[in-house]
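Trainee: In case you want the letters, here they are:
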Amino acid sequence: MRRARFLIVFFVLLALFETPLLLPAVDAAVVQPLTTGIAAVSGRLLHLLGEDVTTRGMSISGPCFAVEIKNGCNALEATLFLVAAILAFPGPWKEKLAAVGIGIVLLQILNLARVVSLYWIGCHHPAAFETFHTVIWQTIIFGATIGFFMLWSRRAGTPRAA
Amino acid sequence: MLRNTLRFSAGLVLGAALWWYATPAYNRFLAFAAQPLVHLDTRYAKASLAGRGRGIEVSGPSIPPARIPADQYTASLVLLMALFAMRRDLFHDRGLRSFALSLLVVVAMHVVAMVVGTEATYAVRLPEWGDRHYSGTAQDLWQAAEFVYRIGAMFAIPFACYWVTSPEPADAPRNKNAPVKRRRRR
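Protein chains in written order, with this note's numbering: chain A, 143 to 304; chain B, -11 to 174.
By construction, these hints were calculated from the structure, which means they are not laboratory data.
Here the structure is a predicted model, which is why all the values come from computation and not from measurement.
Just so you know, not all the hints are guaranteed correct.
Computed beta-carbon distance windows for the label pairs [said to hold, decoys possible]:
1) B:L2 to A:N213: 20 to 30 angstroms
2) B:H121 to A:V247: 38 to 48 angstroms
3) A:G233 to B:P53: 27 to 37 angstroms
Every residue, glycine too, gets a C-beta built ideally from N, C-alpha and C.
With the hints as constraints, model all of the structure from the sequences given.
Mentor: Following this line, the structure appears as structure tokens:
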């Protein structure tokens, strides 16, 4: 019964969080600035790794490859997924908010690794790009999201000794 | 945690390999399963769906041909396999039953996603056809349905299956130091 309640609340929250992403105003105010920021930081990381890239808006381009970061590659969907799961789980709000904060930071760090590695794969192993783009990294990001949530929910659901 | 990470990684690699190589055959099955549902929309009553490589091609006497990127709807199989690889009872009755049931749910969602993908493709990605045969609201709705599936539901469904069938989240033994509640005997 507790699981069913959790799932219902989770799916309702997920739909509520995701639907606004379709609105052009939300896209312009939230999605595009976030994605531009991710492109800029990824560009700097690629520079540190010795790649000669330039960033322009949401795209990263170099002599061997160019990539445009779109919805689905900015970890926003995984972030909303995590927030919906944490908020749907019963527990104190203070712990939930802390978990949301830590989760968002970890997901964005992991997402930077995704963008940087995808550029590198696209440049040096282009045949493997599509598999890593659509399958491997998507699964890792959602696996990490679910893993973080499961670890947190196990802690949150454990009674503490007084 | 390390063991779970290793199990998850093994499931991910196995799932990705299986998904990659089985996609052409799986797409043929999806085309076969989704075709009767696509026919429910009278505009596509004579449409023919055929799995070709990593996509599904839609054609018919009165509709323009279209290609649906079916592999982008089915990658959730990889997550399902990675999640279930973490279950210690995977090769026991309960684990196998749970996996089979979850697989059935995910495959059913893929069939529905194919129908939604077909409608969204004709409504939005073939603008001339879409503007003539769909209202503005219908175009928005099909696009929204496909978007919600691809960015959330596609991965939320394997998670829900895992969560519901897993013995761990709610039934696992809790902190050993926690006080044990005793029932009063009458």
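Trainee: Are the hints correct? Go through all of them and say.
Mentor: Hints and how they fare:
no. : hint                                 : result
1   : B:L2 to A:N213: 20 to 30 angstroms   : holds, 29 angstroms
2   : B:H121 to A:V247: 38 to 48 angstroms : holds, 46 angstroms
3   : A:G233 to B:P53: 27 to 37 angstroms  : violated, 52 angstroms
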